[in-house]
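Build the full structure now, drawing on both the sequences and the hints.
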Amino acid sequence: MTHASKAIPITGLGCLCAAGGTVPEVAKTLFAGQRNVQYRSVGERRYPVFQLAPQDAPPRYFEGAECERCGRLAVAAAREALTHAGLTQQALVGRTVGVCIGTTVGSAMNNEAFYRHFREGRMPGIEPIRRYLRTNPASMVARAFDLSGPCQTIVNACSSGSVAIGHAAEWIRAGVCDVAIAGGADMLCNVIHAGFLSLLITDSEACRPFDRRRQGLNLGEGAGIVVMESESSVRRRGAVVQARLCGYGNACDAFHISAPEPTGRGLKRAIDLALAEAGLDCGDIDFINAHGTATPENDRVEGRLFPELFAEVPFSSTKGFTGHTLGAAGGIEAVITVVCLQRKQIVGNIGFEEPDPEFPGRPAAENTPVRGRYGLSDSVAFGGNNAVLVLGGADA
Amino acid sequence: MNGRPLAIMGVGLVGGFGVGKQAVLEALAKGGAPNETVTVETPSGPRRLPAYQADVAAVRPFISAGDWRRMNRFGKLAVLGASLALQDAGCKAPLNHNHLGLIVASGYGASKSTFDFLDSMLEDDGRCPSPTLFSNSVASSAASHLSIVLQSGGPSLTVSQFEMSPLSALLTASTWLAEGRVQAVLFGVVDELCPVLSYSYERFFGEQTSGPIEPFHWDKQTAVMGEGAAFLLLAPGEGGAAAYGWIDQLLWTRSDRWAAPADAALVLGADGHRCCADAYRRLAGDHAQLTAYSPLYGSLPGGHAFDVAISALAAQAGRGPNRVWPIKCDAEGNCGVISCRFDRAPDAKSSYL
Numbered sequence: 001m002t003h004a005s006k007a008i009p010i011t012g013l014g015c016l017c018a019a020g021g022t023v024p025e026v027a028k029t030l031f032a033g034q035r036n037v038q039y040r041s042v043g044e045r046r047y048p049v050f051q052l053a054p055q056d057a058p059p060r061y062f063e064g065a066e067c068e069r070c071g072r073l074a075v076a077a078a079r080e081a082l083t084h085a086g087l088t089q090q091a092l093v094g095r096t097v098g099v100c101i102g103t104t105v106g107s108a109m110n111n112e113a114f115y116r117h118f119r120e121g122r123m124p125g126i127e128p129i130r131r132y133l134r135t136n137p138a139s140m141v142a143r144a145f146d147l148s149g150p151c152q153t154i155v156n157a158c159s160s161g162s163v164a165i166g167h168a169a170e171w172i173r174a175g176v177c178d179v180a181i182a183g184g185a186d187m188l189c190n191v192i193h194a195g196f197l198s199l200l201i202t203d204s205e206a207c208r209p210f211d212r213r214r215q216g217l218n219l220g221e222g223a224g225i226v227v228m229e230s231e232s233s234v235r236r237r238g239a240v241v242q243a244r245l246c247g248y249g250n251a252c253d254a255f256h257i258s259a260p261e262p263t264g265r266g267l268k269r270a271i272d273l274a275l276a277e278a279g280l281d282c283g284d285i286d287f288i289n290a291h292g293t294a295t296p297e298n299d300r301v302e303g304r305l306f307p308e309l310f311a312e313v314p315f316s317s318t319k320g321f322t323g324h325t326l327g328a329a330g331g332i333e334a335v336i337t338v339v340c341l342q343r344k345q346i347v348g349n350i351g352f353e354e355p356d357p358e359f360p361g362r363p364a365a366e367n368t369p370v371r372g373r374y375g376l377s378d379s380v381a382f383g384g385n386n387a388v389l390v391l392g393g394a395d396a
Numbered sequence: 001m002n003g004r005p006l007a008i009m010g011v012g013l014v015g016g017f018g019v020g021k022q023a024v025l026e027a028l029a030k031g032g033a034p035n036e037t038v039t040v041e042t043p044s045g046p047r048r049l050p051a052y053q054a055d056v057a058a059v060r061p062f063i064s065a066g067d068w069r070r071m072n073r074f075g076k077l078a079v080l081g082a083s084l085a086l087q088d089a090g091c092k093a094p095l096n097h098n099h100l101g102l103i104v105a106s107g108y109g110a111s112k113s114t115f116d117f118l119d120s121m122l123e124d125d126g127r128c129p130s131p132t133l134f135s136n137s138v139a140s141s142a143a144s145h146l147s148i149v150l151q152s153g154g155p156s157l158t159v160s161q162f163e164m165s166p167l168s169a170l171l172t173a174s175t176w177l178a179e180g181r182v183q184a185v186l187f188g189v190v191d192e193l194c195p196v197l198s199y200s201y202e203r204f205f206g207e208q209t210s211g212p213i214e215p216f217h218w219d220k221q222t223a224v225m226g227e228g229a230a231f232l233l234l235a236p237g238e239g240g241a242a243a244y245g246w247i248d249q250l251l252w253t254r255s256d257r258w259a260a261p262a263d264a265a266l267v268l269g270a271d272g273h274r275c276c277a278d279a280y281r282r283l284a285g286d287h288a289q290l291t292a293y294s295p296l297y298g299s300l301p302g303g304h305a306f307d308v309a310i311s312a313l314a315a316q317a318g319r320g321p322n323r324v325w326p327i328k329c330d331a332e333g334n335c336g337v338i339s340c341r342f343d344r345a346p347d348a349k350s351s352y353l
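Protein chains in written order, with this note's numbering: chain P, 1 to 396; chain R, 1 to 353.
A few chain R positions that, by computed beta-carbon distances, are all more than 12 Å from chain P:
1. Gln53
2. Ser210
3. Pro212
4. Gln221
5. Asp286
6. Leu290
7. Asn322
A few chain P residues facing chain R, derived, Cβ under 7 Å:
8. Gly43
9. Ser107
10. Met123
11. Ile129
12. Gln152
13. Thr153
14. Asn156
15. Gly195
16. Cys252
17. Ile257
18. Ser258
19. Phe382
20. Gly383
21. Asn385
Treat the hints as calculated values from the structure; they're not laboratory data. The beta-carbon is built from N, C-alpha and C at its ideal position, and this holds for glycine as well.
Below, the structure written as structure tokens:
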């Protein structure tokens, strides 16, 4: 199989996050350099977060059960992506459609109210558990569109969204399915927020990826989904190809349960694998959508590795607009990468003002024109899992 | 699946039956039974429920003293199951290479650590939540521990799809091997009991949790909680070498749209849950060869992987058929089918790693 024939067409995009409720709205917000920071109380303190605006949220998002939120986000983004791809529910009948959704909160049985009652011996009713068993994000997407193909909820922590897209492409190449709905979805959750606070890697101000003064991440919520199809499916229905997934790499640091390996050896290997699969060299990459969480360790690794591998290739983090959406991040950033390919322009790294003398990498602080042939999006997760997507334009 | 078989090179099992192959074979000979009881509070007072519980002490030779202290029980279950599978295949950790893929599937993830973290968060008005517990509560923590202990820098995947987790994960294992991303895949399921799960079980099923599991009593709820880990070391199957045999086919379908070949030996994932019993009853039809291994390991979301592993051991010991179809159904109508062929292939411990 040639590199070109291994590339999988992307025919639809869907996204919602604090920057907007649809892909065009998100793009407009990002390229306008606006960020919608809100504040959320955790314990006695308030922290900046990137929360969905009420008008952008899926139906019953805030009123319904909290454990359904990740699934609702995934369904909303999948609906936009399927519409964008020109695939109606009727058109999916009888087809094998795979669903790969990355998440962190969406698989966690961590209902705080239920557990509070449980540990106090108040014998809570089990409706929250019953609901949890119905809210697996991939299953919710499959049910929403009446799909009967394989489902996979990927819980690789913060690389989940990228991993989901990479694996969906593998499924299509292997003939497991000929259409796949893939990406990530995650919601804001007090328990997870408390966890990140315990690790002392959150910023009490709006996050500043790659800036010398950065103190950590801000959490966000949202979903980013792509529709991928086999070449034969694209030809059969005359679909418009938006972009192509040209390469995917995944590698472990094998170093620490929460901290990244300081030299970025796992990330470098994931980059090498993705480039090799795409049949490209570092010099072919036009821009990088960095993981860029604004934690001291993460940005140091990327800020050293990118200049070493990619010389003058511009990079930026979009987490200053979306927050760190954890399992959704890879999905959202894949969608943003495709938008950047199509506009031949990358989004300025909001929050960056002062270079960090500890590493040579300087993100593009302003919106920057690029060639728009190939973009790279990387995700770095807890436990040292690294995932890299190489995305190409429709003609790649 | 892509039509390429997966060779089973090693098996690692831990559960209520004990640790390792011999424990499984002994349970197979005696018939399984719950090995522990857990106490849960109910509105009418404390109640003791039978359970299949795993002992993780046997992981100690495989990890350092520091890892033993730092790692949660979920991680220890994973490392024990995985280490046994590697040992069974003649591999020694640390591997120190990047050619092995790690895939961990779990129904509920690191639930004990999740609730332990919640305890730390709720105590003292949330002022001191534990970062260590948080790190260990992340669903992928078991895969992370595995990559660190094995020093394996290859790809890693953690899947949570309830009862369909093993099949979903095996679909990815199959594509990794077919695409040559890795030379072998260490695939496994890990499910862990915790007080909240026990409580929920009792509230869902009440008096019906007393056991024993009667997998073919279709009209009765008889499930008994289980936990454990089941790992398989998988390699590309085209070369002809396989220590146990091959997984030939993976099929994700609907339980009302599929029927097994008339002469197939079925290993049903029936584990005493009434909600799936009608699907199993229909699939069983009038098949002459029906087996269910759930009475050996209990009811747990990853049961499908246990069924494949136990079927492999049973066939090798001459205690089960050489061609089997382990089938798992869930309450949503999904049906997972794994077609296995356990013809003996001598000299299978090749240098695939």
